[in-house]
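Hey, can you work out the whole structure from these sequences and the hints?
Going down the list, the protein sequences come from chains A and B. What the first sequence shows, in the numbering used here, is residues 67 to 221, in sequence order. What the second sequence shows, in the numbering used here, is residues 4 to 214, in sequence order.
Simulated from the structure, these hints should not be mistaken for lab results. Bear in mind the structure is a predicted one, so any value in this text is a computation, not a measurement. Wrong hints could be hidden among the right ones.
Here are the simulated lysine-lysine pairs, DSSO-like style, with alpha carbons at most 27 angstroms apart [to be verified]:
#1 A:Lys136 x A:Lys216
#2 A:Lys217 x B:Lys41
#3 B:Lys189 x A:Lys126
#4 B:Lys142 x A:Lys185
#5 B:Lys93 x A:Lys216
#6 B:Lys161 x A:Lys216
#7 A:Lys188 x B:Lys62
#8 B:Lys210 x A:Lys113
#9 B:Lys210 x A:Lys136
#10 A:Lys122 x B:Lys96
#11 B:Lys93 x A:Lys188
#12 A:Lys126 x A:Lys185
#13 A:Lys126 x A:Lys209
#14 A:Lys209 x B:Lys142
#15 B:Lys41 x A:Lys136
#16 B:Lys189 x A:Lys216
#17 B:Lys210 x B:Lys62
#18 A:Lys209 x B:Lys41
#19 B:Lys194 x A:Lys122
#20 B:Lys196 x A:Lys209
#21 A:Lys122 x B:Lys41
#22 B:Lys161 x B:Lys194
#23 B:Lys161 x A:Lys126
#24 A:Lys171 x B:Lys50
#25 B:Lys210 x A:Lys188
#26 B:Lys93 x A:Lys217
#27 A:Lys209 x B:Lys127
#28 B:Lys41 x A:Lys138
A short, non-exhaustive set of chain B residues, derived as facing chain A with CB atoms under 7 angstroms [what the hints assert, rightly or not]:
#29 Phe25
#30 Thr143
#31 Thr147
#32 Leu153
#33 Asp157
#34 Phe164
All C-beta atoms in this analysis are idealised placements derived from N, C-alpha and C, irrespective of residue type, glycine included.
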Amino acid sequence: MSKFRKKKLGGSDQINTSALPDIIFMLLFFFMVTTVLREQDVLVDQKIPQSSQLQKLQNKTLISYIFIGKPKNTSLYGSEPRVQANDVLISSPEIVQWVNQERDKLPEADRGSITISMKVDKDVKMGPISDVQTELRNADARKVLYASTKKLDKE
Amino acid sequence: MARSKNRMSNEINAGSMADIAFLLLIFFLVTTTIASDKGILNVLPPKQDPNVPPPDIKKNERNIFNVLINANNDLLVEGEYRRTAAGLDKDFKDFIMNFGAPDEDAAALYNTLPASLQSQAQRKPDSSDHPGEAVISIKTNRGTNYAVFLEVFDLAKKAYFDVYSERVGLTSEQYRALTGDDEASKALQDKGKEGIPMAISIAEPDKVGGN
Numbered sequence: 067m068s069k070f071r072k073k074k075l076g077g078s079d080q081i082n083t084s085a086l087p088d089i090i091f092m093l094l095f096f097f098m099v100t101t102v103l104r105e106q107d108v109l110v111d112q113k114i115p116q117s118s119q120l121q122k123l124q125n126k127t128l129i130s131y132i133f134i135g136k137p138k139n140t141s142l143y144g145s146e147p148r149v150q151a152n153d154v155l156i157s158s159p160e161i162v163q164w165v166n167q168e169r170d171k172l173p174e175a176d177r178g179s180i181t182i183s184m185k186v187d188k189d190v191k192m193g194p195i196s197d198v199q200t201e202l203r204n205a206d207a208r209k210v211l212y213a214s215t216k217k218l219d220k221e
Numbered sequence: 004m005a006r007s008k009n010r011m012s013n014e015i016n017a018g019s020m021a022d023i024a025f026l027l028l029i030f031f032l033v034t035t036t037i038a039s040d041k042g043i044l045n046v047l048p049p050k051q052d053p054n055v056p057p058p059d060i061k062k063n064e065r066n067i068f069n070v071l072i073n074a075n076n077d078l079l080v081e082g083e084y085r086r087t088a089a090g091l092d093k094d095f096k097d098f099i100m101n102f103g104a105p106d107e108d109a110a111a112l113y114n115t116l117p118a119s120l121q122s123q124a125q126r127k128p129d130s131s132d133h134p135g136e137a138v139i140s141i142k143t144n145r146g147t148n149y150a151v152f153l154e155v156f157d158l159a160k161k162a163y164f165d166v167y168s169e170r171v172g173l174t175s176e177q178y179r180a181l182t183g184d185d186e187a188s189k190a191l192q193d194k195g196k197e198g199i200p201m202a203i204s205i206a207e208p209d210k211v212g213g214n
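See the structure below:
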């Protein structure tokens with residue numbers, strides 16, 4: 067009995083927390099690695115063209131994305147460029163409906179300033195893009211952002 | 004009590020490390036965003052009412068800078084064949100700042116410009132009258148590659164942003180980063196644009212080489 071008591075007196079009465087930061091760091095890294103912000107499968111090819119005069123949009127909530135490109139699964143969707151909104155490929159006449167759906171998600175004051183970010187593959191021709199733009203005009207969503215990445219100057 | 008105080012601890016207190024890591028964790032959770040919300044802004048024209056005929060715009064041919072891009076991605080710039088778009092930004096800028104026949108307002112505008120921009124006015128009679136009149140028109144075929152169109156559109160934007168930024172004494176990069184949220188940046192933005200509207204017209208593509 068006395069043996070045990072002696073040993074206990076020497077020990078500290080605090081829990082050793084030195085491993086806690088490691089655990090938290092592990093959590094941190096786990097979240098940093100696994101966080102996927104947009105749970106969206108892009109069904110079309112996306113090689114975004116480069117340009118120099120980029121502008122950044124301030125209000126990200128106002129942006130809705132539209133993807134245009136050759137379908138990745140050509141056996142299912144064919145090889146002609148298609149338009150993807152949300153998770154599905156849609157045809158041009160459905161765009162008006164989609165824009166209205168997206169607009170309804172926004173607070174009432176912001177509905178006029180909805181911006182469509184067009185992520186268009188390099189190899190798409192102007193024809194489909196012009197069709198989409200005509201539909202966007204019909205839906206009165208006239209602010210368009212041609213998504214693009216920074217071009218490095220070679221001067 | 005007194006005894007435990009005197010005893011030296013041989014470990015650094017690492018309890019607050021967890022808090023720091025938590026802060027970091029929350030910081031990352033909150034600030035991580037997709038970095039791909041950059042691009043070239045464009046505002047489409049309003050929907051055309053089929054009952055109202057399109058307005059008949061009479062503009063002098065010299066005030067319109069025509070760029071045609073055909074289905075082979077060749078360019079026709081003011082009636083002149085070009086293979087690539089390289090150097091087009093310089094031509095756009097010369098065209099906008101030509102001041103061929105300025106009216107009173109434009110002459111006043113000219114006097115407010117910094118000397119570096121004034122010296123760029125070439126005053127050619129066959130180019131634009133003044134920046135308020137100048138329009139850059141880009142027309143494509145349905146078969147034109149999007150990448151080529153975007154390149155030309157980008158260069159047209161570059162010409163305007165170069166003028167704006169030079170006017171307020173910023174680099175083009177800094178000017179484009181202006182948000183217009185606060186008074187100071189709004190004032191700068193407006194000062195750059197004043198009297199020089201960004202007039203880039205994108206014509207409806209015609210049906211060649213596409214579907």
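Hint by hint, here is what the structure shows:
1. The hinted pair formed by A:Lys136 and A:Lys216 meets the criterion: a straight-line CA distance of about 23 angstroms does not exceed 27 angstroms.
2. Taking the CA atoms of A:Lys217 and B:Lys41, the gap is about 12 angstroms. The hint holds against a cut of 27 angstroms.
3. Restraint check for B:Lys189 and A:Lys126: the C-alpha separation of about 20 angstroms stays at or below 27 angstroms, so the hint holds.
4. Of the supplied pair hints, the one linking B:Lys142 and A:Lys185 holds, its CA atoms being roughly 21 angstroms apart against a limit of 27 angstroms.
5. In summary, the hint linking B:Lys93 to A:Lys216 is supported, as the alpha carbons are separated by about 20 angstroms, within the 27 angstroms threshold.
6. For a cut-off of 27 angstroms, the pair hint linking B:Lys161 to A:Lys216 stands: about 13 angstroms separates their Cα positions.
7. At most 27 angstroms may separate the alpha-carbon atoms for a hinted pair to count; A:Lys188 and B:Lys62 exceed this at roughly 34 angstroms.
8. Using a Cα cut-off of 27 angstroms, the hinted pair B:Lys210 and A:Lys113 holds, with the two alpha carbons roughly 25 angstroms apart.
9. Under the criterion of a C-alpha separation no larger than 27 angstroms, the hint pairing B:Lys210 with A:Lys136 is consistent with the structure, at around 20 angstroms.
10. Restraint check: the Cα-Cα separation between A:Lys122 and B:Lys96 comes to about 23 angstroms, which is no more than 27 angstroms; the hinted pair holds.
11. For the hint linking B:Lys93 to A:Lys188, the alpha-carbon distance of about 25 angstroms falls within 27 angstroms, and the restraint holds.
12. As the CA atoms of A:Lys126 and A:Lys185 are separated by approximately 15 angstroms, the hinted pair is consistent with the 27 angstroms bound.
13. Using a Cα cut-off of 27 angstroms, the hinted pair A:Lys126 and A:Lys209 holds, with the two alpha carbons roughly 13 angstroms apart.
14. In summary, the hint linking A:Lys209 to B:Lys142 is supported, as the alpha carbons are separated by about 20 angstroms, within the 27 angstroms threshold.
15. Taken as a hint, the B:Lys41 and A:Lys136 pair is honoured in the structure, with Cα atoms around 22 angstroms apart against an allowance of 27 angstroms.
16. Taking the CA atoms of B:Lys189 and A:Lys216, the gap is about 25 angstroms. The hint holds against a cut of 27 angstroms.
17. Taken as a hint, the B:Lys210 and B:Lys62 pair is honoured in the structure, with Cα atoms around 25 angstroms apart against an allowance of 27 angstroms.
18. A threshold of 27 angstroms between alpha carbons decides the hint, and for A:Lys209 with B:Lys41 the separation of about 14 angstroms falls inside it, so the pair holds.
19. As the CA atoms of B:Lys194 and A:Lys122 are separated by approximately 20 angstroms, the hinted pair is consistent with the 27 angstroms bound.
20. For the suggested pair B:Lys196 and A:Lys209, the alpha carbons sit about 19 angstroms apart, so the restraint of at most 27 angstroms is met.
21. For the hint linking A:Lys122 to B:Lys41, the alpha-carbon distance of about 5 angstroms falls within 27 angstroms, and the restraint holds.
22. Straight-line distance between C-alpha atoms of B:Lys161 and B:Lys194 comes to about 17 angstroms, which keeps the hinted pair within the 27 angstroms bound.
23. The hinted pair formed by B:Lys161 and A:Lys126 meets the criterion: a straight-line CA distance of about 24 angstroms does not exceed 27 angstroms.
24. Only pairs whose Cα atoms come within 27 angstroms are accepted, and A:Lys171 paired with B:Lys50 is accepted, the gap being roughly 23 angstroms.
25. A distance of roughly 20 angstroms separates the Cα atoms of B:Lys210 and A:Lys188; the hinted pair therefore holds under the 27 angstroms criterion.
26. For the hint linking B:Lys93 to A:Lys217, the alpha-carbon distance of about 18 angstroms falls within 27 angstroms, and the restraint holds.
27. Simply put, A:Lys209 and B:Lys127 have alpha-carbon atoms about 35 angstroms apart, too far for the 27 angstroms limit, and the pair is violated.
28. The suggested pairing of B:Lys41 with A:Lys138 holds, with an alpha-carbon distance near 24 angstroms, which does not exceed 27 angstroms.
29. For B:Phe25, the shortest C-beta to C-beta distance to chain A is roughly 6 angstroms, which falls under 7 angstroms, so the interface hint holds.
30. Interface restraint check for B:Thr143: the shortest CB-CB distance to chain A comes to about 5 angstroms, inside 7 angstroms, so the restraint holds.
31. For B:Thr147, the interface hint holds, the least distance from its beta-carbon to any beta-carbon of chain A being 4 angstroms, beneath 7 angstroms.
32. Given the 7 angstroms rule on beta carbons, the hint for B:Leu153 holds: about 5 angstroms separates it from the nearest Cβ of chain A.
33. Given the 7 angstroms rule on beta carbons, the hint for B:Asp157 holds: about 4 angstroms separates it from the nearest Cβ of chain A.
34. Using the Cβ-Cβ criterion of 7 angstroms, the hint placing B:Phe164 at the interface with chain A is satisfied: the shortest such distance is roughly 6 angstroms.
The structure fails to meet hints 7, 27 from the earlier list, while all remaining hints are met.
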